[in-house]
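Participant: Going down the list, the protein sequences come from chains A and B. So the first sequence is numbered by my numbering: it starts at 1 and just counts up by one. So the second sequence is numbered by my numbering: it starts at 459 and just counts up by one.
Treat the hints as calculated values from the structure; they're not laboratory data. Just to be clear, a hint being listed does not mean it is correct.
Covered stretches of chain B (in silico footprint by chain A; criterion: 3 or more residues with CB under 8 Å from a CB of chain A, positions within the stretch not fixed) [claimed, not checked]:
| hint | segment |
| --- | --- |
| 1 | 554-561 |
| 2 | 808-818 |
Simulated restraints on C-beta separations [claimed, not checked]:
| hint | chain 1 | residue 1 | chain 2 | residue 2 | range |
| --- | --- | --- | --- | --- | --- |
| 3 | A | 39 | B | 672 | 50 to 60 Å |
| 4 | A | 355 | B | 560 | 13 to 23 Å |
| 5 | A | 61 | B | 673 | 53 to 63 Å |
| 6 | B | 673 | A | 98 | 30 to 40 Å |
| 7 | A | 228 | B | 555 | 52 to 62 Å |
| 8 | B | 787 | A | 394 | 51 to 61 Å |
| 9 | B | 508 | A | 267 | 25 to 35 Å |
| 10 | A | 155 | B | 578 | 18 to 28 Å |
Note that the structure is a prediction, hence the values are computed from the model and not measured. Glycine included, C-beta positions come from ideal geometry on N, C-alpha and C.
Protein chains: 2
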Amino acid sequence: MPDPAKAIEALARELPGRVTTDPGALAAVAHDASHLSATAAAVCRPADPEEVVRLVRWARREHIPLTARGAGTSLDGESVPVPGGVVVDLSGWSGVLEIDPVDRLVRVGPGVVNADLQAALRPHGLFFPPNPGSWTTSTLGGNVATNASGPRSFRYGPTRAWVRGAEVVLGTGERLTIGGRAAKRSTGPDLVSMFVGSEGTLGLFTELTLALAPLPARRAGLAVPLPDGRPLAPVARALATATGLGLSAVEYLDRGCAEALARVENARLPADRALLLLEVESADEAEETRHLEAIGATLIGLGIPEAASVYPEADRLWTLRGQSGTALDRTLGPRVREDVCVPLSRLDPMLEAIAAAAREAGVPLYLYAHLGQGSLHPNFAIDPARPTAARLREAVLRAALRLGGTVSGEHGIGRVKAPFLPGEIGDGGVRLLRALKRACDPDGILNPGTLLSGEAAP
Amino acid sequence: MPDPAKAIEALARELPGRVTTDPGALAAVAHDASHLSATAAAVCRPADPEEVVRLVRWARREHIPLTARGAGTSLDGESVPVPGGVVVDLSGWSGVLEIDPVDRLVRVGPGVVNADLQAALRPHGLFFPPNPGSWTTSTLGGNVATNASGPRSFRYGPTRAWVRGAEVVLGTGERLTIGGRAAKRSTGPDLVSMFVGSEGTLGLFTELTLALAPLPARRAGLAVPLPDGRPLAPVARALATATGLGLSAVEYLDRGCAEALARVENARLPADRALLLLEVESADEAEETRHLEAIGATLIGLGIPEAASVYPEADRLWTLRGQSGTALDRTLGPRVREDVCVPLSRLDPMLEAIAAAAREAGVPLYLYAHLGQGSLHPNFAIDPARPTAARLREAVLRAALRLGGTVSGEHGIGRVKAPFLPGEIGDGGVRLLRALKRACDPDGILNPGTLLSGEAAP
């Protein structure tokens, strides 16, 4: 049995100045945005890829697990350490290394904050489409590791579609370059897609190459109050399948979420109604006018006659929307935050199943959603550590699978939902993931218990 | 040593009426669109997934390789059989099983021809964006197995982005369902992307679930004659990075290709110049007018003053463009057809390297390209079986890799380019692909020699 304290001392000698066991530092990385927490033995801040290689080799030698961490905004325990393990803090890898407006790509360190990248790209007339709720604080390494995508995925697709390449240090200690700069490639199974969403279980990103889109000339945000009792699914389907509206995001906040959010400083949101939050992209003012008219007509056709508040800077709306988690924290305290996605054709029964689960557990429900994609975030006002909470969660996830949906549309699997992944991908899918895990991390040192649970090493 | 003839007899007993050893049938599946050919021992046409399972189990028992085949339009030997192996002809699986306009998806058999799907979708105001050159004859199973994408990938991205799920029979004989109907999912490494581009080496598709896009109200094709000697790279970069032009495809034919194509019946193409072929999508006539004016102004700014021929039905242009292979067959006979893709910033040195390779080999060059993505199809008028041809091919592929590009932008790897894949993905990438191969096809019976060469079984 190795002596963990001695092993950490050896790491500190191996990477001088990069390792801390300071209790404050350990406390700062004990949590993510889930209800889970654990105390690591140390935090390591490697300074370059070769230091990451040495860290991984040390971890293999000592059989000590590593958990990569950016801003710690993961929602299901993806960046919560293994007790006694080491947190690999990559938040300092925050360099935008290259912006190439011709190839429309950017090379970044995994610690760059999403919003900081957007700010760096703006002068070039470009942007990185994924904008998860946490975009003002979360890192691109975390966005890619969980395939967290955000409102704009309605138009632009998931984060996976915007990762062109990466430098990775595998759990073997090997450095691997996947993908690259070319706009497309047909060279076998896509290696990049194997690492997007892998939640730190296959390798540690040391660099990302991301594809970019041209900034539209105009981008307006709309907040549309919904009449009470208006059925949601027809609205989702109508907005998702309409054309000529210029929509790049179709979001929803129920009345409880809207009330919580309206209390955020300078929110200036209507507080007494459920809301649609829409984003409209246009090439010029004339097109924007046409889009807004067409949206207005579509909404009236859906029985939503009330005028929308228009935010000329849509990003303000997404910053505000990103605060709904914090706003609900204040209103509700600890709660179950779920994240399912179902085909739009099955939205009605999924909404019913969510409401029924809340009713049966006797807890209030707060729902927000990437509505246009059937991607739902129900929040249940119950301590997630309670057994009732586990049953409630299970009812919601099983309903999603029954309806042809997924147990995670956005947040990832982490430790919280690892028990539910096999129900979605089946024994065959689990076997493929395990094969990949064995090839990349034969000793199971990378974030064990995340994604696939119930095994220290595969 | 098993007796192959007895094994085939056993298969014919196992799947009565599904197996033929008729020489005409074997000759019909001996080739694809590459220069390779081989004679299979039998052709099997299983009728349902359970028959595919029985076929795969038989192949494992008898150690006889299986090669999936749709329309046989693959360009690098992806569907050329292993000598003495069995061709799995899936071209009869041509049912469009479900069109869902709400979820904007379609379920199809792998044998549905791309153009037939487009025709079935048109009344619903939908289309499947990938349209490889072979779209009038190639099957969706083949499109997905090679990640062949075509002109519209300029706007819509590769085939990989449009595959939402699949039913697969693995080389183990297991049936596996990957992905599904939800618009997005964040449930670990993407299993669907592991099978897209896998070229029949991991499993056999028995069903595909594909995402769809709304048909634009108007879609015009433009054929723009290029002044002689106009440098190509600045044109590519200008059109790829411009906004407000409504472009969904930016293609190029050099003068030789244009001349060959102009001889196709009813081509009505200018024959004496290199051509840009553009596709413009618009919501209405007014927008189309604005787009065409903006394109005209952009071209004039690039020193391309001549008016374009406008084709109100852009598909006609892509049907014609898809005949460039056949047209060059007539003009050139056997030739080396290459398929590299480089970042647009590296287009000049790549074009130079292609021209230099042709010069050094002393052979004429015919180039067509998905220009807007730096995806180039140089054709060299030389018998691909000659040693000089191999050296020429190697020079082109090495240049692509040196310039940060890929050895296949579109066609896949097949048998022809298998020796070059390790140079692109490195030892680590090869190891990942092998791990996936072992998990899906432990006996190496699925299309051995394709994608990764030099091994009968992994």
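Participant: Hints first: check each against the structure and report whether it holds.
Facilitator: Against the structure, the hints:
no. : hint                      : result
1   : 554-561                   : holds (count 4)
2   : 808-818                   : violated (count 0)
3   : A/39 - B/672: 50 to 60 Å  : holds (52 Å)
4   : A/355 - B/560: 13 to 23 Å : holds (21 Å)
5   : A/61 - B/673: 53 to 63 Å  : holds (59 Å)
6   : B/673 - A/98: 30 to 40 Å  : holds (38 Å)
7   : A/228 - B/555: 52 to 62 Å : violated (40 Å)
8   : B/787 - A/394: 51 to 61 Å : holds (60 Å)
9   : B/508 - A/267: 25 to 35 Å : violated (58 Å)
10  : A/155 - B/578: 18 to 28 Å : holds (26 Å)
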